[in-house]
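Please build the complex by placing chain B on the supplied structure of chain A, with the hints as guidance.
Residue numbers (the working numbering), protein chains in the order written: chain A, 1 to 154; chain B, 1 to 154.
If you are wondering where the hints come from, they were derived from the structure by calculation, not from laboratory data.
Honestly, I wouldn't trust all of these hints.
Same chains, same label: a pair holds when it works inside one copy or across any pair of copies.
What the hints assert, rightly or not - Here are the simulated SDA-like pairs of lysine to any residue, each with C-alpha atoms no more than 25 Å apart in a straight line: (1) LYS94 <-> GLN53; (2) LYS94 <-> PHE63; (3) LYS43 <-> TYR130; (4) LYS43 <-> TYR144; (5) LYS105 <-> ARG44; (6) LYS66 <-> ASN133; (7) LYS106 <-> MET1; (8) LYS105 <-> PRO86; (9) LYS141 <-> GLN98; (10) LYS66 <-> ASN134; (11) LYS94 <-> ARG62; (12) LYS83 <-> GLN124; (13) LYS66 <-> SER96; (14) LYS113 <-> ARG75; (15) LYS94 <-> SER36; (16) LYS71 <-> LYS94; (17) LYS26 <-> ILE77; (18) LYS43 <-> ILE103; (19) LYS105 <-> ILE3; (20) LYS94 <-> ASN68; (21) LYS142 <-> GLU82; (22) LYS94 <-> LEU23.
These numbers come from a predicted model, not from an experiment.
The chain contents come next:
Number of protein chains: 2
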Amino acid sequence: MDINSYITGFVDGEGSFTVSFSLRKKMKFGIEVRPSFSISQNKRDYNLLKEIQNFFGCGAVRFVKKDNCYKYETRSIVDINEKIVPFFEQYPLKTSKQQSFLIFKKICNLIKKNLHLTKDGVAQIINLAYQMNNLGARRYKKEYLLRVLNKKKV
Amino acid sequence: MDINSYITGFVDGEGSFTVSFSLRKKMKFGIEVRPSFSISQNKRDYNLLKEIQNFFGCGAVRFVKKDNCYKYETRSIVDINEKIVPFFEQYPLKTSKQQSFLIFKKICNLIKKNLHLTKDGVAQIINLAYQMNNLGARRYKKEYLLRVLNKKKV
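Just chain A, same shape as in the assembly (with noise of 0.2 Å):
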């Protein structure tokens, strides 16, 4: 067994690359950006979740009290792009889930050059997420993070 492959498999079917935005007014533009990969597992496979976290070597497992689920997750953008990125470009994902990783790898390099601190940055950012493929979970629309962003005086 090829460890490496497995995990780009078991991602390919259970793992999440996303990016969410929160609206927060102390912040310059009022948005918050916040990139994270996941995985979701029902409470008998805790373990496994644990056996990634130490493959990974970052990200934490948690209880999601909500999904009564416990979930893997990397939201350090440092993490995410020495560690996380280069897994998944080393063993691609074969799936459609491949289109949502690349626009995931772009949005975290925008940030790691600190883009997500402009205002055509952050405009960028939520154009370019909200073409990846977890579009269900969005608490807000585009448009309006995009009116958020327009009208907040700097």
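Here is chain B on its own, set in the frame of chain A:
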């Protein structure tokens, strides 16, 4: 990338080992036993399902209208025993799905020996199948099937 390990990882997330039961008055004991190995995906990952079909060299991919998805499925007991089971013996699952697989394997072995054509064999298969994880999808309660089995005059 090692495709074998990838497949195990993907199936650990997305695959299903199921044994379902149908009431068939014309059958000796009134109950038909049907093992199945399957993976369902959204239309956008149809190609990966075809790749998996080629990989295992058995089964078929079809559209399932009810769930609006595509499903790769192998139902042939010969293919399951000769292709599916040996693969997952060599590349074992790492989630709790492994428990379901081991029971599935036992049941397929009983069917191979034609024990699903004996009353005791069917009872044994029912008892094993109801120890598998995917109970949510069960059409009949275990007790009901055992009652049908015991009432059938042969």
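Structure-based check of all given hints:
no.: 1; hint: LYS94 <-> GLN53; verdict: both (22 Å within a copy, 15 Å between copies)
no.: 2; hint: LYS94 <-> PHE63; verdict: between (29 Å within a copy, 20 Å between copies)
no.: 3; hint: LYS43 <-> TYR130; verdict: between (31 Å within a copy, 20 Å between copies)
no.: 4; hint: LYS43 <-> TYR144; verdict: neither (37 Å within a copy, 30 Å between copies)
no.: 5; hint: LYS105 <-> ARG44; verdict: between (31 Å within a copy, 21 Å between copies)
no.: 6; hint: LYS66 <-> ASN133; verdict: both (22 Å within a copy, 22 Å between copies)
no.: 7; hint: LYS106 <-> MET1; verdict: between (31 Å within a copy, 23 Å between copies)
no.: 8; hint: LYS105 <-> PRO86; verdict: within (9 Å within a copy, 38 Å between copies)
no.: 9; hint: LYS141 <-> GLN98; verdict: within (23 Å within a copy, 41 Å between copies)
no.: 10; hint: LYS66 <-> ASN134; verdict: both (18 Å within a copy, 22 Å between copies)
no.: 11; hint: LYS94 <-> ARG62; verdict: between (27 Å within a copy, 20 Å between copies)
no.: 12; hint: LYS83 <-> GLN124; verdict: within (24 Å within a copy, 48 Å between copies)
no.: 13; hint: LYS66 <-> SER96; verdict: between (27 Å within a copy, 22 Å between copies)
no.: 14; hint: LYS113 <-> ARG75; verdict: within (17 Å within a copy, 52 Å between copies)
no.: 15; hint: LYS94 <-> SER36; verdict: both (20 Å within a copy, 24 Å between copies)
no.: 16; hint: LYS71 <-> LYS94; verdict: both (22 Å within a copy, 17 Å between copies)
no.: 17; hint: LYS26 <-> ILE77; verdict: within (21 Å within a copy, 63 Å between copies)
no.: 18; hint: LYS43 <-> ILE103; verdict: between (30 Å within a copy, 21 Å between copies)
no.: 19; hint: LYS105 <-> ILE3; verdict: both (22 Å within a copy, 24 Å between copies)
no.: 20; hint: LYS94 <-> ASN68; verdict: between (29 Å within a copy, 21 Å between copies)
no.: 21; hint: LYS142 <-> GLU82; verdict: neither (29 Å within a copy, 51 Å between copies)
no.: 22; hint: LYS94 <-> LEU23; verdict: neither (34 Å within a copy, 39 Å between copies)
Of the numbered hints stated above, those contradicted by the structure are hints 4, 21, 22, listed in ascending order.
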